[in-house]
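In order, the protein sequences belong to chains E and P. Residues in the first sequence are numbered consecutively from 828, following my numbering. Residues in the second sequence are numbered consecutively from 32, following my numbering.
It is worth saying that the hints were derived from the structure and are not from the lab. The reader is advised that the hints may include incorrect statements.
Simulated restraints on C-beta separations [to be verified]:
no.	chain 1	residue 1	chain 2	residue 2	range
1	P	Gly420	E	Gly884	49 to 55 Å
2	E	Asn1079	P	Pro275	54 to 60 Å
3	E	Ser1035	P	Gly178	28 to 34 Å
4	E	Trp1062	P	Ser184	51 to 57 Å
5	P	Leu329	E	Pro1028	50 to 56 Å
6	E	Asn1079	P	Gly274	55 to 61 Å
7	P	Gly301	E	Asn1079	50 to 56 Å
8	E	Asp897	P	Ala454	33 to 39 Å
9	P	Ala68	E	Val1027	17 to 23 Å
Here the structure is a predicted model, which is why all the values come from computation and not from measurement. For every residue, glycine included, the Cβ atom is placed at its ideal position computed from N, Cα and C.
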Amino acid sequence: MPDRDPLFPSRVLVLGATSSIAIATLRRLAAPNRHFMLVARNGDRLTAVAQDLLTRGALAVDTWIMDLDDTTAHPEMLASAAERLGRIDLALIAHGVLGDQHAAEADFEVAAAILHTNFISAVSLLTWLGNYFQAQRGGTLAVISSVAGDRGRKSNYVYGASKGALNVFLEGLRNRIDRDGVHVLTIKPGFVATPMTAHVPHNALFASPDQIAQGILKAIHRRRDVAYLPWFWFWIMLLVRSIPNRFFKKMNM
Amino acid sequence: MSPSQARPQFESWGRFPKLFAEVRPLFWKEDFPASIAAGTKILAVGMGRSYGDVCLLQHGTLLTTPNLDRLISFDSGTGLLRCEAGVTLAEILDFAVPRGWFLPVSPGTKYVTVGGAIANDIHGKNHHVAGTFGLHIPRFELVRSDGTLVVCSPTENPEWYAATIGGMGLTGLISWAELQLRPIVSRRIRYRSTKFVGLDEFLALSQASAHKEYAVAWIDCVAQGRNFARGIFMQGEHDENPGPLTPLAKPKLTLPVDLPEFALSRFSVGAFNTLYYHKQMAKDRTGLTDYEPFFYPLDFVLQWNRMYGKQGLLQFQCVLPWESGTMGMTQLLEAITASRLGSFLAVLKVFGDAVSPGVMSFPVPGITLALDFPVRREVSFDLLDRLAGITADFGGRMYPAKDACMSPAHFQQFYPQWEQWAAYIDPAFSSSFWQRVTGRA
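Please put together the full structure from these sequences, using the hints given.
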């Protein structure tokens, strides 16, 4: 099985390649056998990440500048990725926005934009990639979701809903294509020290992007279905999920 | 589940003084200066491994750089590495050693950023042959708060190059730098450690090993009488026989709590020093060791500074020029020994003649002494003031990166060029150190 190979994955597509977790994961993968195709919105940042990977020894790095919100442009980009890489061993979907919860409460357009970026655009990518991987009869589809999708909380339920919907979609997709040898991995990080959380003070629960990256690679190699990262979030969310709504609705979280 | 709203506090390695500032991480070069509100006083800081307040800014905004950690290019033929300034020396070693390259200058910890190393123009055990870190930085980019990009080298904007190396981070944000690495064929260091008693013996050993790449001495600042100024002189060179380059996995220990103040009494320090001195039975010992324990013995315990308790610690490092002979150093050691505040970590080393390009760079040819003290109310400050006085009397100077209590008069005597150099300070940048020793904003 190629997936058990220590050199796996050698051909890697990353959507949202300038996110901190994606960068940390890519850096751990940078090695002479690896060919990357990186997709992100900001060309300067994308170049900085590509240079970093090449300097660290990656075989080749292709880049594609686009706003992943533009779902109509997805098929062209994905077809090009498949062509340049020859085969896709790993597709990592890492783009997303936290959004402004208060603005989203007042304005549906704001809420819809969050749902579009985190859920709809991911569905567009996953539809194409799911079929591609199914035809390829193998490969790993790793998607960065969040523990926030496990329960709706007043502080960020629009973001949480986008990730919760993503979790359900991935669960169904896994159910459909796992039998074709495709590994679908739902990654649920807790608090991570990234630009997304730079505005809040960091407590002891915060993990570094590299800790998350380490967990992602371990989950890929072990063909896990769902990975809470770091591991203790599994227990925290088990507890959070167990709170009955009649208490949960009174809580401030 | 939102994290606590407590005001973030950034501590220097000495954990003294305790100051408050807003902490803003930089993730991309373009985050600066675009995201900074006009009128805010700012300071870019790396890992916060300087000891006192050169990396602090009371009521200002600290821009932390460790996320600017991307490599830009590496020439495997010449060993020239270009990287963003938040890359740490630890990250460079992880990258370079397996490829057969090593840092040109290694300080006592590898957990410092390239930007911080330039800003403080750090030195290491090879100063007598290689000079300071800045001598191995052929080029870097400075970003000023008005958005101007200044590429600096000995030939491009040389005045900014000279002002920024050792410029305590005050001339702007260093965004990337080129670092000239040196080749190695093995991780191993061939070392020799020799016991000595007294400064004359230390100087004789230093002279005899002047051609060796690395040399430093540990000195006992507690022992008196016939054991006065006893120590262990360590010298080393990169092993020239091809050996392993890939690292061995090692667990890291973290000191999880602050030790109580009494943990570092003069009895425990005295006992430690006696044990350490006598651990080596023979007068002379030679061997091969991995570079990690040779260069970074303290990095093995992350956050060893917590050993000093919540109050933190004070560092003192000075250099006395050769003209003052050993008299000044003897007076310093006598004052420290008499105070009974001496520490585990007293280090003696000879600085060589290589001149740093940095205008404000600390090292000058002579003997340097570095050690730390617990923060013990007035006693420690009185002692440090006395040490600063002796340093001044003998024409020496103290190291801003390790200072928390130098007086303005002393600073201005040690660095008479300060006022001229100050023209290069970015108007938005400042530090609590700078405010303390100059009275300026």
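Do the hints match the structure? See the list:
In this structure the hint that P:Gly420 and E:Gly884 lie 49 to 55 Å apart at CB holds, the actual value being about 54 Å. Look at E:Asn1079 against P:Pro275: about 55 Å separates their beta carbons, and that is inside 54 to 60 Å. Range check, E:Ser1035 to P:Gly178: about 30 Å between beta-carbon atoms, so the 28 to 34 Å window is met. Between E:Trp1062 and P:Ser184 the beta carbon distance is about 54 Å. The supplied range of 51 to 57 Å therefore holds.
P:Leu329 and E:Pro1028 have their C-beta atoms about 29 Å apart, which leaves the hinted 50 to 56 Å range violated. Between E:Asn1079 and P:Gly274 the beta carbons are some 59 Å apart, a value that agrees with the proposed interval 55 to 61 Å. Our hint of 50 to 56 Å for P:Gly301 and E:Asn1079 holds, since their Cβ atoms are close to 54 Å apart. In this structure the supplied range 33 to 39 Å is violated for E:Asp897 paired with P:Ala454, their Cβ-Cβ distance being about 50 Å.
At about 19 Å, the beta-carbon gap between P:Ala68 and E:Val1027 stays in the expected band of 17 to 23 Å.
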